[in-house]
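K.L.:
Protein sequences, first through last, are from chains A and B. The letter at position 412 of the first sequence is residue 412 when you use the numbering used here, and the numbering goes up by one with no holes. The letter at position 127 of the second sequence is residue 127 when you use the numbering used here, and the numbering goes up by one with no holes.
If you're looking for bench data, these hints aren't it; they were derived computationally from the structure. There may be inaccurate statements among the hints.
Each computed EDC-like pair below joins lysine to aspartate or glutamate, with the alpha-carbon atoms no more than 20 angstroms apart [what the hints assert, rightly or not]:
| hint | chain 1 | residue 1 | chain 2 | residue 2 |
| --- | --- | --- | --- | --- |
| 1 | B | Lys413 | B | Glu353 |
| 2 | A | Lys400 | A | Glu368 |
| 3 | A | Lys198 | A | Glu184 |
| 4 | A | Lys85 | B | Asp389 |
| 5 | A | Lys136 | A | Asp102 |
| 6 | B | Lys379 | B | Asp389 |
| 7 | A | Lys85 | A | Glu162 |
| 8 | B | Lys379 | A | Asp102 |
| 9 | A | Lys136 | B | Glu353 |
This one's a predicted model, so the numbers in the text were calculated from it and none came from an experiment.
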Amino acid sequence: MNRLNDYEPVIGMEIHAELHTRSKMFCSCAVTDTTVAEPNTTICPVCTGLPGAMPVINREAVEQAIMVGLALNCRINAFTTFARKNYFYPDLPKGYQISQYDFPIAAEGWVDVVDENGAAHHIRVRRAHLEEDTAKLFHVYEPAAADYTLIDFNRCGVPLLEIVSEPDMHSVAAVHAYATKIREILRYLGVNSGDMEKGVLRFEANVSVRPRGSDTLGTRTEIKNLNSFRALTLATAYEIERQIAIIEAGGEVVQETLGWDALRNVTFSQRSKEQAHDYRYFPEPDLPPLCIDRQWVDEVAAALPELPDAKHARFVADYGLTPQDARILVGERAVADYFERAVRAYNGTPSAVSKWLIGELFYLMNRERVAIEAVRVRPEALARLIGLVDAGTLNQNSAKAVLGEMFATGGLPEAIVEAKGLAQISDNDQLSAIVARVVADNAEQVAAYLAGKDSVFQWLMGQVMRATRGRAAPDVARQLLTAALNVRR
Amino acid sequence: MDLHTLSVRQASNLLQAGEITSVALTSAILERIRAVEPTVRAHITVSEELALQQAEAADARRRAGERVTPLTGIPYAVKDCLSTKGVRTTCASKILENYVPRYNATVIERLTDAGAVLVGKHNMDEFGMGSSCENSAFFATHNPWDVTRVPGGSSGGSAAAVAAEMTLFALGEDTGGSIRMPAGFCGVTGLKPTYGRVSRYGLIALVSSFDTIGPLTRDVADAALVMQTIAGHDPRDSTSLRAPVPDYSQTFTRDLKGVTVGVPVEYFAEGIAPAVETPIREALAVLRDLGAEVREVSLPHTPYAIPVYYLILFAEASSNLARFDGVRFGLSCDGADVLERYLQTRAAGFGDEVKRRIMLGTFALSAGYYDAYYLRAQKVRALLRQDFDRAFAEVDALVAPVCPTPAFKLGEKVADPLTMYLSDVHVVAINPAGVPSLALPCGFTNDAPPLPVGMQIIGRPLDEATLFRIGHAYQQATSWHLARPTLAS
């Protein structure tokens, strides 16, 4: 008996996304790539919490929060307030984080996702609220001296959007699909790079389990600081099993905050319920309530880009793509845009473009670790390459070689075909001579074929291809070889 | 001519006429500080070098025919809670004893642009917590009229310095009477402006939703002149108001015909000393003689002012003071870990009154108590505001005592914080309501030596002009504001 199936996991997520605004949430310091910038170079009295400094709300951050709220089907609240979340830590210079509590910018939305097993999930979004990021701490362990910690305030005050889901996920696959979808939407909106390694997107999962069929919630634990999809799925899966094991053994799950040990792949206790912070939230007196008028929301809504779901539906309907191919293409806005530009430049069916893009270009991109934005093959050039195949100028294999060359050099397909002499040979006379020579030079194999060993035909075709360095038009060559062999019967 | 005795307007005229230089005036002030500071002890820092530089720059500006203002070349000093670039800013606390800010508060920036000359930083109750200036971590300031008495607080150093002619004007900060109370005790003029009228950027916050910065001066006309420079919207303070600043001097009149003055009955209830009530009643008679109509009004929620004020104060202050953690600036004590460093730093850095209020505020904001304390206080605050709205539907201004008693003896109330809290009763109700109030001298007691008695004129939000008009007309008809203490120099 598989005891995992006797229990239903109940999982909610909090996703912290840095917003890529020009300046920080409450001051005019630039938002920089904190993995690259010299430490403590984009700081000021406001974001380092000097006495007397005061926050000013960043309009661009509010606008981006509205964009995300709308994309997640949320209600945008006309009246929003900021609040202080009070706790002490060296990465929090004011001793409180300016966040939102009672009146977040966005509330009560939802997303629909399909997981890797093809199962659909409707996941409600409880709220999305703005806050400020903390500084980055670097703990330095010196073997011969006392340990110390360095603080980089460049990240401190960068706008963060916290997206809180309802506990609507019941499998690791759903969690993965939801997180993927949120990342996809943030990237579509251009508000976050989705660059997990740079820490611009961070996950937390609240996990509980209950006997399947029950509608009461079990005791939940909260896993913090999950900074990759791998950590998210492994930690969630681990925690589900850990909780089930506890219950199966007759124990009780303890409500606590957990960390994830990515080396040993286990969760570990950080804080018990009794040690939980009392954040003493109260309205931020330095910021009056922010009223978001309907007109602003309407303007933002009108300027929203087409979102992944809508694009997917359109790709299936307008281009006749399979849902699977469309899903792959819309996963990244830049890929979808690339695809559409190539389709516009191409005369054949869009699925041919999709096949070349997903099958061949993605292969090269993965192999060379190049993102779509950096690919040197222009979409129009890809369209022309496929056109050369359609016109019979190139066969598949040559076309793949040409694409490799285009990918490496950024050259145009016609020029590469010309320079490398890769044009397909489909001329009857030219190919007939080559076929005749192959038949003449391989009497032993021809005899075997004529004696009934059909598989030798492929070997002979290979010889024709070898003689033409792969340029022989396969259909024509096959036809001519068949004819030449039949004459010998 | 004793230059230190001049009013801002007198000095400004002499500077403009070329009869004196700012260097001479500033030197006279520095000389006066040397003479009487040992008796009064109003200064935490005297910025002599900077003052002489700024004075020379002001003289050069005038010689070169560049733009000058009525404050160009005028020496001033400020309460030590205003951030001054390059000049130590302590809030009279050990935790900031050696803190030198990197930036100027907006008011300092405006005065510097106007050409005013900063001569020093005034003593105060630590972080503004106190009503006697005895809570300074460094030393107590003495009342220039009777050095065995307190100057009032928390802007005690500023009021004493103006009374003792150690500066031509000062900037104080009023959270719950902190400008008006010491103005009353020291016989000078002090304005608590409408909340949001003057930018708080760079003011080390005590209670963000009550704090106001205002002038302490020899008379009302000087206060109006200073306000003209420091008032007005500041994009760096989101709570500062956008309303234009009127030309205050244009509103002065000889008489008060058409003005209706209200006398709130609750402010003349039990506890008010006859030595205070008599001069105020006489002042009301003067106003009547000037043509004002005087009538009684009621502010029925006045009894709740003290609990409302202190609950909000404790709560906000506990959060505002969280940034003093020894990590980035100020006092920093060693400890085995982060928590111990915090505890050691804050234990050594804060005085008893500060610790008392942080603990009370932390408690009032805790889970389960927030609704009963902070939230309830905010609701009652709305009622206090309503009292004033109703009164101002009938009258143009209210006249009330500043304090129920004249200046008390040093040490008299130190052991009894509750009595100390209650000495603010007539001034604290104003701050939760956010309305402006002008304190000015209106007589003396029969003590030996005689002690000044102050009255306050409370006005509609943003209607400082009417307060200046009434106060100026009163000072044209009386001479209390011209009296000066005799100090052995």
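K.L.:
If a hint holds in the structure, say so; if it does not, say that too.
P.N.:
Hint check:
1. About 13 angstroms separates the Cα atoms of Lys413 (chain B) and Glu353 (chain B), which keeps this hinted pair within 20 angstroms; it holds.
2. Distance hint between Lys400 (chain A) and Glu368 (chain A) is fulfilled; the C-alpha atoms sit about 15 angstroms from each other, no more than 20 angstroms.
3. A threshold of 20 angstroms between alpha carbons decides the hint, and for Lys198 (chain A) with Glu184 (chain A) the separation of about 16 angstroms falls inside it, so the pair holds.
4. Distance check on the hinted pair: Lys85 (chain A) and Asp389 (chain B) sit about 33 angstroms apart at the alpha-carbon level, beyond 20 angstroms; violated.
5. For the hint pairing Lys136 (chain A) with Asp102 (chain A), the CA-to-CA distance comes to about 28 angstroms; that exceeds 20 angstroms, so the pair is violated.
6. Distance check on the hinted pair: Lys379 (chain B) and Asp389 (chain B) sit about 16 angstroms apart at the alpha-carbon level, within 20 angstroms; holds.
7. Our distance criterion of 20 angstroms between C-alpha atoms is met by Lys85 (chain A) and Glu162 (chain A), whose separation comes to about 14 angstroms.
8. This hinted pair checks out: Lys379 (chain B) and Asp102 (chain A) have alpha carbons roughly 16 angstroms apart, not beyond 20 angstroms.
9. For the given pair, Lys136 (chain A) sits about 34 angstroms from Glu353 (chain B) by alpha-carbon distance, which is inconsistent with the 20 angstroms threshold.
Violated hints, listed in ascending order, are 4, 5 and 9; each of the other numbered hints is respected by the structure.
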